[in-house]
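The lines below spell out each chain.
2 protein chains.
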Amino acid sequence: MSVLVVGSIALDTVKTPVEEHADLLGGSASYAAVGASFFSPVKLVGIVGDDFPSDHIDFLKGRNIDLGGLQQVPGKTFRWSGEYMWDMNTRETRSVDLNVFEHFTPTLPAGYTDSQIVLLANIAPSLQSHVLDQMSRPQFVIADTMDLWINIARADLEALLSRVDMLILNDGEARQLTGETSLIKAGAKIREMGPKFVAIKKGEHGCLLFGDGEFFSCAAYPLEDIHDPTGAGDTFAGGLAGYLAASVRGPVGFAQLRAAVVFGSVLASFNVEAFSLERLRTLTQSDIDSRYQSFRLMSQFEVIG
Amino acid sequence: MSVLVVGSIALDTVKTPVEEHADLLGGSASYAAVGASFFSPVKLVGIVGDDFPSDHIDFLKGRNIDLGGLQQVPGKTFRWSGEYMWDMNTRETRSVDLNVFEHFTPTLPAGYTDSQIVLLANIAPSLQSHVLDQMSRPQFVIADTMDLWINIARADLEALLSRVDMLILNDGEARQLTGETSLIKAGAKIREMGPKFVAIKKGEHGCLLFGDGEFFSCAAYPLEDIHDPTGAGDTFAGGLAGYLAASVRGPVGFAQLRAAVVFGSVLASFNVEAFSLERLRTLTQSDIDSRYQSFRLMSQFEVIG
Numbered sequence: 106m107s108v109l110v111v112g113s114i115a116l117d118t119v120k121t122p123v124e125e126h127a128d129l130l131g132g133s134a135s136y137a138a139v140g141a142s143f144f145s146p147v148k149l150v151g152i153v154g155d156d157f158p159s160d161h162i163d164f165l166k167g168r169n170i171d172l173g174g175l176q177q178v179p180g181k182t183f184r185w186s187g188e189y190m191w192d193m194n195t196r197e198t199r200s201v202d203l204n205v206f207e208h209f210t211p212t213l214p215a216g217y218t219d220s221q222i223v224l225l226a227n228i229a230p231s232l233q234s235h236v237l238d239q240m241s242r243p244q245f246v247i248a249d250t251m252d253l254w255i256n257i258a259r260a261d262l263e264a265l266l267s268r269v270d271m272l273i274l275n276d277g278e279a280r281q282l283t284g285e286t287s288l289i290k291a292g293a294k295i296r297e298m299g300p301k302f303v304a305i306k307k308g309e310h311g312c313l314l315f316g317d318g319e320f321f322s323c324a325a326y327p328l329e330d331i332h333d334p335t336g337a338g339d340t341f342a343g344g345l346a347g348y349l350a351a352s353v354r355g356p357v358g359f360a361q362l363r364a365a366v367v368f369g370s371v372l373a374s375f376n377v378e379a380f381s382l383e384r385l386r387t388l389t390q391s392d393i394d395s396r397y398q399s400f401r402l403m404s405q406f407e408v409i410g
Numbered sequence: 106m107s108v109l110v111v112g113s114i115a116l117d118t119v120k121t122p123v124e125e126h127a128d129l130l131g132g133s134a135s136y137a138a139v140g141a142s143f144f145s146p147v148k149l150v151g152i153v154g155d156d157f158p159s160d161h162i163d164f165l166k167g168r169n170i171d172l173g174g175l176q177q178v179p180g181k182t183f184r185w186s187g188e189y190m191w192d193m194n195t196r197e198t199r200s201v202d203l204n205v206f207e208h209f210t211p212t213l214p215a216g217y218t219d220s221q222i223v224l225l226a227n228i229a230p231s232l233q234s235h236v237l238d239q240m241s242r243p244q245f246v247i248a249d250t251m252d253l254w255i256n257i258a259r260a261d262l263e264a265l266l267s268r269v270d271m272l273i274l275n276d277g278e279a280r281q282l283t284g285e286t287s288l289i290k291a292g293a294k295i296r297e298m299g300p301k302f303v304a305i306k307k308g309e310h311g312c313l314l315f316g317d318g319e320f321f322s323c324a325a326y327p328l329e330d331i332h333d334p335t336g337a338g339d340t341f342a343g344g345l346a347g348y349l350a351a352s353v354r355g356p357v358g359f360a361q362l363r364a365a366v367v368f369g370s371v372l373a374s375f376n377v378e379a380f381s382l383e384r385l386r387t388l389t390q391s392d393i394d395s396r397y398q399s400f401r402l403m404s405q406f407e408v409i410g
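Chains as they are written, first to last, in my numbering: chain G, 106 to 410; chain P, 106 to 410.
Mixed in with the good hints, there may be bad ones.
Copies of the same chain are indistinguishable here, so a pair counts whether it falls within one copy or spans any two.
What the hints assert, rightly or not - Think about it this way: if two alpha-carbon atoms lie no more than 25 Å apart in a straight line, the pair counts; the simulated DMTMM-like pairs of lysine to aspartate or glutamate are:
| no. | residue 1 | residue 2 |
| --- | --- | --- |
| 1 | 290 | 330 |
| 2 | 301 | 156 |
| 3 | 301 | 407 |
| 4 | 166 | 392 |
| 5 | 166 | 276 |
| 6 | 120 | 285 |
| 7 | 290 | 392 |
| 8 | 120 | 309 |
| 9 | 290 | 124 |
| 10 | 294 | 330 |
| 11 | 290 | 171 |
| 12 | 294 | 192 |
| 13 | 290 | 329 |
| 14 | 294 | 188 |
| 15 | 301 | 171 |
| 16 | 166 | 330 |
| 17 | 294 | 202 |
| 18 | 307 | 319 |
| 19 | 166 | 124 |
| 20 | 181 | 407 |
| 21 | 301 | 330 |
| 22 | 181 | 192 |
| 23 | 294 | 309 |
Hints are computed from structural coordinates only; laboratory data are not their basis.
Because the structure is a prediction, the values reported are computed rather than measured.
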């Protein structure tokens with residue numbers, strides 16, 4: 106089964122305390138689509154300008170990503186520039202140039218509308234809803250969001266929430282959306298807003314998954330050095346959605362989501378080891394399997410008599 | 106096998122955004138000893154004044170805690186008063202009256218010096234070392250510490266570290282002790298200072314356990330409401346040490362420590378559900394077993410075909 110991914114495609118300039126790189130492949134949909142592509146075929150919906158490097162197109166195609174939903178239009182590609190502080194946790198956005206992304210309307214080609222697993226990567230919630238408007242009945246819809254939309258498009262976001270099966274957001278956003286300081290209360294409250302499942306990402310502290318009376322706490326992989334956190338959350342969402350598309354037969358249950366969250370975390374842990382999507386270019390199935398086993402080892406405990 | 110616990114015994118006044126209680130049983134050794142007592146017999150070393158309520162003595166005795174090492178002297182018991190902010194994570198100390206604790210010298214009765222499992226709960230590192238000076242060869246020594254000692258008694262703490270098997274401290278203290286922002290690097294660096302094992306407590310984010318090439322990430326139990334975080338870390342250390350004393354035959358290995366960390370987390374999760382040690386007064390083995398199973402459930406994942 107393939108996964109439909111819609112979101113932003115960008116050229117990023119990223120500065121960390123030790124390095125700076127310009128014109129990197131970025132955007133929520135790029136990370137999410139490539140993350141998902143390790144598990145299942147992907148259909149990508151997004152927009153780029155006529156300056157978008159053909160190398161990036163070739164890379165995406167090479168990852169078995171269907172670009173039938175990629176609009177390439179006159180003008181410049183969306184550009185984002187950000188800087189990470191010394192702790193690699195705090196990020197400042199230095200500039201945002203929406204360019205062709207400003208008037209993006211995601212349009213699904215004929216072969217896309219019956220996709221069963223849908224990942225609405227981080228873009229305006231009105232656009233995420235517009236994608237759902239075009240679809241027949243998808244089996245499982247995952248939405249990612251960010252603080253910006255909670256601030257400026259809350260009504261759109263709430264309308265979207267009633268239409269999705271799972272929301273992914275980080276700890277700060279969960280607190281902002283619900284007004285709850287406890288993430289346990291926040292997770293429960295978001296479920297009341299619509300999504301049956303909620304994943305709250307906590308960066309170096311891992312991820313919490315909430316379902317109907319069920320709860321899963323996923324550890325973060327113990328990385329000594331993080332080279333570029335950009336796209337970690339998008340890669341997580343992509344890996345999660347790709348794993349579901351590859352493995353789910355019938356209704357998506359909590360057991361499948363547990364494993365999906367671990368595979369998403371595996372993908373994200375690789376992604377932050379290098380700038381942009383560089384690490385994912387060389388990542389192998391064997392790398393993924395080996396790190397999945399590490400997640401098992403580091404989470405495992407049993408009573409010893 | 107019994108566990109030797111040394112630390113402070115206090116009468117606490119604790120204020121949270123919703124409640125305030127005075128003259129509560131507190132202190133690192135009280136929490137640690139009671140935590141350990143759910144798994145093994147405990148020998149307690151500490152000091153109280155002649156104002157220490159006999160009810161507290163009776164409670165400790167009733168928990169199968171040997172009070173042969175408890176000094177009761179003329180004067181007032183150590184008093185501590187603190188206030189938790191709205192998020193229940195930030196704490197301000199309002200007052201500290203050391204009283205009889207100021208000139209405390211822990212002295213081990215004859216039957217205590219050959220204890221095999223030793224928990225040096227949070228007191229000055231020079232006193233923790235003084236306890237070890239009086240002992241024959243304990244099998245496994247665990248020390249807890251706090252930011253105060255890293256600030257004012259770093260040399261004493263470093264001298265202690267070369268003599269203990271395991272150090273327990275929180276995330277902020279680990280960063281402070283090592284100068285590393287990454288907890289993964291901090292854990293490795295503390296191991297180089299002496300302890301074969303390090304547990305870094307992260308409050309609502311759980312706990313990281315470091316060994317020789319081994320790593321365990323323990324989730325925190327998802328509590329909706331925390332009534333009093335005081336003593337959570339001491340109870341964790343006590344539960345951990347008590348479990349080891351009850352279960353270990355031969356050298357302590359990483360597998361046993363994984364389970365010990367989970368049982369410590371189970372005990373701590375109960376302790377914060379009420380003020381002081383109130384929740385531990387009614388806690389049953391069945392409560393502990395049931396929450397241990399919850400820890401398994403919330404940490405468990407498997408690939409679904």
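Results for each hint:
1. 290 / 330: Cα proximity of residue 290 and residue 330: across copies only (9 Å, versus 32 Å in one copy).
2. 301 / 156: For residue 301 and residue 156, the Cα distance exceeds 25 Å both inside one copy (41 Å) and across copies (55 Å).
3. 301 / 407: between (31 Å within a copy, 21 Å between copies)
4. 166 / 392: For residue 166 and residue 392, only the intra-copy Cα distance (22 Å) is at most 25 Å; the inter-copy one is 55 Å.
5. 166 / 276: Intra 34 Å, inter 44 Å, cutoff 25 Å: neither.
6. 120 / 285: Classified as between; 21 Å across copies, 33 Å inside a copy.
7. 290 / 392: For residue 290 and residue 392, the Cα distance is within 25 Å only across copies (23 Å; inside one copy 36 Å).
8. 120 / 309: Close inside one copy (20 Å), not across copies (31 Å); limit 25 Å.
9. 290 / 124: Only across copies: residue 290 and residue 124 sit 20 Å apart there, 39 Å inside one copy, limit 25 Å.
10. 294 / 330: Between copies, since 14 Å is at most 25 Å while 34 Å is not.
11. 290 / 171: Answer is neither; intra-copy 39 Å and inter-copy 41 Å both fail.
12. 294 / 192: This pair counts as between: shortest inter-copy Cα distance 18 Å, intra-copy 31 Å.
13. 290 / 329: Cα proximity of residue 290 and residue 329: across copies only (6 Å, versus 31 Å in one copy).
14. 294 / 188: Neither: 33 Å inside a chain and 28 Å across chains, both beyond 25 Å.
15. 301 / 171: neither (29 Å within a copy, 51 Å between copies)
16. 166 / 330: neither (30 Å within a copy, 49 Å between copies)
17. 294 / 202: Answer is neither: 34 Å inside a copy and 43 Å across each miss the 25 Å cutoff.
18. 307 / 319: Classified as both: same-chain Cα gap 18 Å, cross-chain 23 Å, threshold 25 Å.
19. 166 / 124: Neither: 29 Å inside a copy, 61 Å across copies.
20. 181 / 407: neither (56 Å within a copy, 45 Å between copies)
21. 301 / 330: For residue 301 and residue 330, the Cα distance is within 25 Å only across copies (23 Å; inside one copy 35 Å).
22. 181 / 192: So residue 181 and residue 192 fail the 25 Å test inside a copy (33 Å) and across (45 Å) alike.
23. 294 / 309: Cα proximity of residue 294 and residue 309: in one copy and across copies (24 Å, 18 Å).
When each numbered hint is compared with the structure, violations occur for hints 2, 5, 11, 14, 15, 16, 17, 19, 20, 22.
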